[in-house]
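A.B. asks: Note that my numbering has the sequence shown beginning at 1, numbered continuously upward.
Hints were generated in silico from the structure; no laboratory data involved. Any given hint might turn out to be false.
Here are the simulated SDA-like pairs of lysine to any residue, each with C-alpha atoms no more than 25 Å apart in a straight line [unchecked claim]:
hint : residue 1 : residue 2
1    : Lys125    : Pro324
2    : Lys28     : Asn296
3    : Lys318    : Asp291
4    : Lys125    : Pro176
5    : Lys255    : Gly87
6    : Lys122    : Asp163
7    : Lys125    : Lys178
Label pairs and their in silico Cβ distance ranges [claimed, not checked]:
hint : residue 1 : residue 2 : range
8    : Ala103    : Met193    : 34 to 40 Å
9    : Thr121    : His50     : 20 to 26 Å
10   : Glu269    : Gly305    : 16 to 22 Å
All C-beta atoms, glycine included, are put in the ideal place defined by N, C-alpha and C.
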Amino acid sequence: MDSATPGTEPAEIAPIKPRDGKRVLLAKPRGYCAGVDRAVIAVEKALELHGPPVYVRKEIVHNRHVVETLRERGAIFVDETDEVPEGALVVFSAHGVSPAVHAEAADRNLRTIDATCPLVTKVHKEVNRFAKSDYDILLIGHEGHEEVEGTAGEAPEHVQLVDTAEDVDKVTVRDPSKVIWLSQTTLSVDETMERVDQLRERFPEISDPPSDDICYATTNRQVAVKALAPECDLVLVVGSTNSSNSKRLVEVALKAGAKDAHLVDFAHEVDESWLDGVTTVGVTSGASVPDTLVMNLLDWLAERGYGDVDEVTTANEKITFSLPKELRSTVR
Numbered sequence: 001m002d003s004a005t006p007g008t009e010p011a012e013i014a015p016i017k018p019r020d021g022k023r024v025l026l027a028k029p030r031g032y033c034a035g036v037d038r039a040v041i042a043v044e045k046a047l048e049l050h051g052p053p054v055y056v057r058k059e060i061v062h063n064r065h066v067v068e069t070l071r072e073r074g075a076i077f078v079d080e081t082d083e084v085p086e087g088a089l090v091v092f093s094a095h096g097v098s099p100a101v102h103a104e105a106a107d108r109n110l111r112t113i114d115a116t117c118p119l120v121t122k123v124h125k126e127v128n129r130f131a132k133s134d135y136d137i138l139l140i141g142h143e144g145h146e147e148v149e150g151t152a153g154e155a156p157e158h159v160q161l162v163d164t165a166e167d168v169d170k171v172t173v174r175d176p177s178k179v180i181w182l183s184q185t186t187l188s189v190d191e192t193m194e195r196v197d198q199l200r201e202r203f204p205e206i207s208d209p210p211s212d213d214i215c216y217a218t219t220n221r222q223v224a225v226k227a228l229a230p231e232c233d234l235v236l237v238v239g240s241t242n243s244s245n246s247k248r249l250v251e252v253a254l255k256a257g258a259k260d261a262h263l264v265d266f267a268h269e270v271d272e273s274w275l276d277g278v279t280t281v282g283v284t285s286g287a288s289v290p291d292t293l294v295m296n297l298l299d300w301l302a303e304r305g306y307g308d309v310d311e312v313t314t315a316n317e318k319i320t321f322s323l324p325k326e327l328r329s330t331v332r
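Model the full structure from these sequences, guided by the hints.
C.D. replies: Here it is in structure tokens:
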């Protein structure tokens with residue numbers, strides 16, 4: 001999987017210079033990706049145009065701060081479409097939904113805005129394409145994750161979820177020459193390829209996706225963490241516990257050589273005992289995290305002597321997505 005994805009300019013990675021005393025290595029890229037930015041703006045625009053309440057199925061993105069901020073502005077988050085009053089406006093989250101959810105919304109005469117990330121939509125289209133060709137589709141992803149549920153729901157009779165190594169052994173296929181693997185967009189690249197290797201041992205003829213399913217932002221953030229982790233006594237990842245890509249950054253940091261790593265939503269959640277004996281702190285954030293939360297963490301660290309900040313840049317992201325079609329006539 002190539003980190004030089006469309007919309008991304010690789011950056012020349014400067015050597016990390018040794019320094020005396022406490023310091024912070026700040027990862028770039030970090031924080032909001034184009035799909036998250038699009039989804040959050042979609043809810044904001046819906047509130048501006050239609051006024052509250054605007055219903056949102058599931059969390060628009062997996063971040064506590066973002067969800068609470070939108071809730072304060074009049075967004076109402078629900079778990080299922082049948083909780084939305086008939087005829088009301090509902091936004092579908094960045095993680096995507098299945099055709100069954102779209103059908104239920106239509107049955108209830110709901111007005112819908114689909115904020116599904118275009119990169120998730122791409123995987124949905126791949127599922128449909130290969131289901132129509134009667135392939136068995138092995139979807140690598142985390143059981144229960146909203147994105148996985150939406151993707152599998154495109155062709156449930158063709159899709160089998162592969163989450164753990166044990167799941168690989170449980171897979172059954174009809175024709176070993178007509179099998180393809182696809183993946184959730186927010187996984188660890190290394191873990192995904194480990195699962196692919198296991199699947200390939202069982203099914204040597206298994207096909208790869210037409211293009212990388214793991215999104216550019218997930219890949220880029222993992223590459224940036226790998227670049228700084230070997231120099232870090234501690235890596236702090238800003239993100240929520242239900243954010244798959246944020247949790248993967250903690251795992252990637254530890255595997256890449258960080259002595260310790262933790263996930264926090266806010267600066268005040270950092271346990272000061274984590275800083276005992278720590279000289280270099282790495283800081284990054286998941287793809288659904290506004291940068292203001294990272295800046296708050298940097299301020300918190302500066303108050304404790306970690307005011308020297310070096311940014312470690314591994315790529316420059318240029319990609320943007322247009323708003324959902326229901327909102328494209330509006331101006332941000």
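A.B. asks: Each of the hints needs a verdict: does it hold here or not?
C.D. replies: Hint check:
1. Lys125 / Pro324: holds (17 Å)
2. Lys28 / Asn296: holds (16 Å)
3. Lys318 / Asp291: holds (17 Å)
4. Lys125 / Pro176: holds (22 Å)
5. Lys255 / Gly87: violated (49 Å)
6. Lys122 / Asp163: holds (20 Å)
7. Lys125 / Lys178: The given pair, whose Cα atoms are some 17 Å apart, holds under the 25 Å limit.
8. Ala103 / Met193: 34 to 40 Å: 35 Å Cβ-Cβ, so the 34 to 40 Å window holds.
9. Thr121 / His50: 20 to 26 Å: holds (24 Å)
10. Glu269 / Gly305: 16 to 22 Å: holds (19 Å)
Checked against the numbered hints above, the structure violates only hint 5.
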